[in-house]
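Kindly produce the complete structure, drawing on both the sequences and the hints.
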Amino acid sequence: MDTGILWLIIVGVSAAALYKVHRNQQAKAAAERESNQRKYLIAQIGQKAMAAYSRATEAKTATGQSNQAKRALSILNEAEVYPECREVISNYDEMCEHLEAMAKVAPVIDKVEKAYRHKFKGNNKAELGALLDALYEIRTEGITDNDIVNSRMYPSGTGEIVSIAGITARCKQLGWEG
Numbered sequence: 012m013d014t015g016i017l018w019l020i021i022v023g024v025s026a027a028a029l030y031k032v033h034r035n036q037q038a039k040a041a042a043e044r045e046s047n048q049r050k051y052l053i054a055q056i057g058q059k060a061m062a063a064y065s066r067a068t069e070a071k072t073a074t075g076q077s078n079q080a081k082r083a084l085s086i087l088n089e090a091e092v093y094p095e096c097r098e099v100i101s102n103y104d105e106m107c108e109h110l111e112a113m114a115k116v117a118p119v120i121d122k123v124e125k126a127y128r129h130k131f132k133g134n135n136k137a138e139l140g141a142l143l144d145a146l147y148e149i150r151t152e153g154i155t156d157n158d159i160v161n162s163r164m165y166p167s168g169t170g171e172i173v174s175i176a177g178i179t180a181r182c183k184q185l186g187w188e189g
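Numbering follows my numbering, in which position 106 of the sequence shown is assigned residue number 117; successive positions increment by one, without gaps.
There's no promise every hint is true.
[Said to hold, decoys possible] For lysine-lysine, the following PhoX-like pairs were computed, each having C-alpha atoms within a straight-line distance of at most 25 Å:
1) LYS71 - LYS81
2) LYS39 - LYS50
3) LYS183 - LYS136
Bear in mind the hints are in silico, worked out from the structure with no lab data behind them. Every value quoted in this text rests on a predicted model; they were computed, and no experiment measured them.
Below you can see the structure in the form of structure tokens.
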């Protein structure tokens, strides 16, 4: 075989191999750029969710707290479609659990705070009514003590951790027979 043809074959095979390596490097670089863009988008979604979370914790009413927590949760859930979600938002699952609990528990805490105000005034009947409203909310929404703890919400002025058993016991002290 002619050495010129042999050199042509070697150069051709080498060029094909180099071209394949070059294409792989380009594909990897493109994939990395795309991943970085997604990570940036996820970070922006996380910032929006944190802003809504801040509004939820600063809201003056239970409805406002609940609505803002739901809003933060829906914003946060937008990030879940991206594979890098949990890489960028490392506490994603905990945040979702906390926001879900906060949205569910805010109305209960509001009713418990009303009960405390009535207790302070010595109005047992109104206190019982507010606590029964809280129990109704707990049962209809399927709220558990774990939800209450995960919400990290406490009645203002008391700092007490609310429990379903505690609410039920106080209702029975006030004459409820449920």
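Check whether the Cα positions of LYS183 and LYS136 lie no farther apart than 25 Å.
Holds, at roughly 12 Å.
For the pair supplied as a hint, LYS71 and LYS81, is the alpha-carbon distance within the 25 Å limit?
16 Å, holds
For the pair we were handed, LYS39 and LYS50, check the Cα-Cα distance against 25 Å.
16 Å, holds
Comparing the model with each numbered hint stated earlier shows that all of them hold.
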